[in-house]
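Participant: Now for the letters of each chain:
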Amino acid sequence: MSIVILVLGLALVGGLAARMRAAAFRRGNLQRFSSQPGHHAWFVALWTVAPPLVFLGIWALTSPGLVTDAVLAHPLAARLPAPGFERASILAEARNLATGRSYGAFHDLARTLAPVYAAAQSRYDWIASAIALLLAFAGGAFTYTRVRADFGARTQVERVVVTLLLAASLIAILTTLGIVASLLWEAGRFFAQVPVFDFLFGTHWSPQVISDSDPGASLGAVPLFWGTFFIGAVIAMAVAIPFGLMSAIYLTQYARASTRAWIKPKLEMLAGVPTVVYGYFAALTVAPAVRQLGISLGIANASSESALAAGLVMGIMIIPFVSSMADDSLSAVPAAMRDGSLAMGATSSETIRKVLVPAALPGVVGGVLLAVSRAIWETMIVVMAASGVATLTANPFASATTVTKQIVDLLTGEAEFDSAKTLAAFALGLTLFVITLLLNIVALTVVKKYREAYE
Amino acid sequence: MSKAIVPEVPTGTAEPVLRRPTDWSTQASRRRTRRRYAAERRFRVMGLAAVWLSVGFLVFLLASMLWQGVSGFTETRVALPIELRLDITPDRAAGRSGDLALAGAGLEGAVDAAATAAYGPGGAELLSDGAWLTVRDAVKADPTLLSRRFIAQIPVAADIDVAAKGEGTPDAEAQFARLSRAGVTSRGFDIDFLTHADSTDPTRVGIWGALKGSLLTMAVTLLLAFPIGTFAALYLEEYAPRNRWTDLIEVSINNLAAVPSIIFGLLGLAVFLGTFHLPRSAPLVGGLTLALMTMPVIVIAGRNAIKAVPPSIRDAALAVGASPVQVVFHHVLPLALPGIMTGTIIGMARALGETAPLLMIGMRAFIAAPPGGITDPATVLPVQIFLWSDEVSRGFIEKTSAAIIVLLVFLLAMNGLAIYLRNKFETRW
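Each protein sequence line maps, in turn, to chains A and B. Under our numbering, the first residue of the first sequence is numbered 1, with each subsequent residue one higher. Under our numbering, the first residue of the second sequence is numbered 1001, with each subsequent residue one higher.
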């Protein structure tokens, strides 16, 4: 860490020196100069900082291996057991002792090896610091000699700046690749243990008891897909579509501009409330009420973790999504269609129901698809209000579970990272990713087609 | 008259069709009109009802949180006459080492004994588990208490506190009634709630640990997402050539904005914890994960802000000899900055309320001390709310709602700041 500060200090000194030297050209004013003193300063500073930082970055990845090799070469290491779990844990303990991350060790050998480890570590740290400083000096000195009136430092610095901007935008691609790669990799390991067919079409889900001989038998995800669809696409939409659509109709067609300006942000606040708050509300207030309702309707197995409670609250959360999408599509319908209908003597509601909504329907459908995609990946509401037990039922008062709820449940247990149980979460994540991606693509295509139709 | 605009008149032997004007005054016609107007009114009322019910949900949600949560900021105290006869000198009780010294000198037993003396057998059960810690802090603030009799205001046990707020078991209600008849109870602002971290006893819990975790996580997120998002937006709007690579970048940014948040949690788990072995539960990892989630939001907002800067500004700067980089950094960026910042604050507010990805990277452990740095185990506000909502003890309900109030206050403040920035710096060109 201190070496980084040292390098930054060197860069500052180099930059200031370059600035002073370059400022002299201007005072002399005898020749044309191509760059401001500031550009020369940045040029030198960048060349002082970049090489050592790149080196230290590579070093941070490779040096643990070198240090371990050095420790293994030490005579004391001959007492280590053969490569395997025990050897690795002794080395890890020695490393933690040497770096001060822990103060006790289970193995005696780890205590013996700790000083060896510390010595190797500090030796390599010294080497790294020396090389980094050397690189900083070399870069700084080389560029300092190039500070001349006719040297185009500005072009050089600006090229670096644009490269930096490009690198920043490449992070988006890296993230996408990271998501796809990590999901595919871990899901691939899962499907090596569990057949894809069993996972996608099996109807029995109970990850608590996975048999070693046939892990696929208890990892059939159909009940999860059904629960997700039932809560997110049926119950939630049954709330969100009427409320969202009617709100949008009222706000665009009937309300005065001032009312609209006042109400719309309030509606959008519904989407800004953290989902954990909705989850708490669903679990504490809505779920008991729904259960009471179920019992009073004579439903014997009314659950306190019913699909209905989670779906209702999720629907409320989704209202602003549907409403703003419907708002956009209604506003995009050409005024001539509306005026024509009104001129023929239709009432406002007849115009809306028979002209505007049919004309805006593709846009509304696209918006609903986006809302469904938002609903099926909603996590906290179902984690807190839905059940963990996977059942295939169409009874809204019975308990139901979803993909996201199961991902959280699977990953927050104490299972080791490689078990089928943990890896199943990644397979579920991959499914969720693919489905939401497809929904989004379809929705955006529909919306885009519709916009083009009226342009 | 040209032939084109004259309608063709049917000729021949057929009788001309006589079309009478509609008679609007017949009974049937009037009924039909009335029905259509009634339908119009019904439709309108349905629209209005949808709007008011939606806003009503919001009001009900916020009001119920406020209703349940306000009492979470208060605690019930009981006056306990106490005389400590501890074998300890005042100077040893001072400072950090004083904590251990006082515990070793039997402070906890002395407080229990005082409670038994004051309220009879079982008196110690009436007090909060952390009663002796309250006495300890009082003694450390005023060492003379060691040598004299004094009356301490001690928080009551969790079930009595719930009873005092009207929700308790009959047993606890009776005990509270006994205490309040004796006139020793009082109600006060629970300052510990704002300064402590998590605990197993609802009367001892505090929000500060989670709040500090949230602030550290947000700091990491901001430091990464803001520069990267701004730079990416500048590149895409100002420098990017129109080619397949640029399209690929744009498509991935737009897709990332729609990727489920829990998937970012899986990415954090697999990459930051699984591959890079960064510490679990740390604000560093939480911040990295949330930064990846927030970055697309900032890029999209930033591009819109940059697009809004009129080309004449760029042309003017280029005309007086500025280089493309100078144009952007001296003129475009400063003008677009308020818009970028508004987008950033909105993205950060979303990240502050985010829970699911942080559960994936292990920020759900029970952490009883505020984190000291970005690599310490920590929890964040929404996760703390989730953890407390899972607790069985009745006392946690109001604490959960109180934590929700704290979270909502922060979110409102951030959104208010975003609106203020937008109104103050918004320029119409």
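It should be emphasised that the hints constitute simulated quantities derived from the structure, not laboratory data. Honestly, I wouldn't trust all of these hints.
FRET-style restraints, in silico, Cβ to Cβ [to be verified]:
hint	chain 1	residue 1	chain 2	residue 2	range
1	B	Asp1129	A	Val54	50 to 58 Å
2	A	Phe142	B	Thr1375	33 to 41 Å
3	B	Ala1322	A	Phe142	22 to 30 Å
Below are the DSSO-like pairs computed for lysine-lysine, each with C-alpha atoms no more than 30 Å apart in a straight line [claimed, not checked]:
hint	chain 1	residue 1	chain 2	residue 2
4	A	Lys264	A	Lys448
5	A	Lys264	B	Lys1424
6	A	Lys266	B	Lys1424
7	B	Lys1307	B	Lys1165
8	B	Lys1424	A	Lys449
9	A	Lys264	B	Lys1307
10	A	Lys266	A	Lys421
11	A	Lys448	A	Lys354
12	A	Lys264	A	Lys421
13	A	Lys354	A	Lys264
14	A	Lys448	B	Lys1307
15	A	Lys421	A	Lys354
16	A	Lys266	B	Lys1307
Ideal Cβ positions, reconstructed from N, Cα and C, are used throughout, including at glycine.
Participant: If a hint holds in the structure, say so; if it doesn't, say that too.
Facilitator: Hints and how they fare:
{"no.": "1", "hint": "B/Asp1129 with A/Val54: 50 to 58 Å", "verdict": "54 Å, holds"}
{"no.": "2", "hint": "A/Phe142 with B/Thr1375: 33 to 41 Å", "verdict": "37 Å, holds"}
{"no.": "3", "hint": "B/Ala1322 with A/Phe142: 22 to 30 Å", "verdict": "29 Å, holds"}
{"no.": "4", "hint": "A/Lys264 with A/Lys448", "verdict": "24 Å, holds"}
{"no.": "5", "hint": "A/Lys264 with B/Lys1424", "verdict": "21 Å, holds"}
{"no.": "6", "hint": "A/Lys266 with B/Lys1424", "verdict": "21 Å, holds"}
{"no.": "7", "hint": "B/Lys1307 with B/Lys1165", "verdict": "56 Å, violated"}
{"no.": "8", "hint": "B/Lys1424 with A/Lys449", "verdict": "37 Å, violated"}
{"no.": "9", "hint": "A/Lys264 with B/Lys1307", "verdict": "26 Å, holds"}
{"no.": "10", "hint": "A/Lys266 with A/Lys421", "verdict": "42 Å, violated"}
{"no.": "11", "hint": "A/Lys448 with A/Lys354", "verdict": "23 Å, holds"}
{"no.": "12", "hint": "A/Lys264 with A/Lys421", "verdict": "45 Å, violated"}
{"no.": "13", "hint": "A/Lys354 with A/Lys264", "verdict": "25 Å, holds"}
{"no.": "14", "hint": "A/Lys448 with B/Lys1307", "verdict": "21 Å, holds"}
{"no.": "15", "hint": "A/Lys421 with A/Lys354", "verdict": "52 Å, violated"}
{"no.": "16", "hint": "A/Lys266 with B/Lys1307", "verdict": "28 Å, holds"}
Going through the hint list in order, the structure does not satisfy hints 7, 8, 10, 12 and 15.
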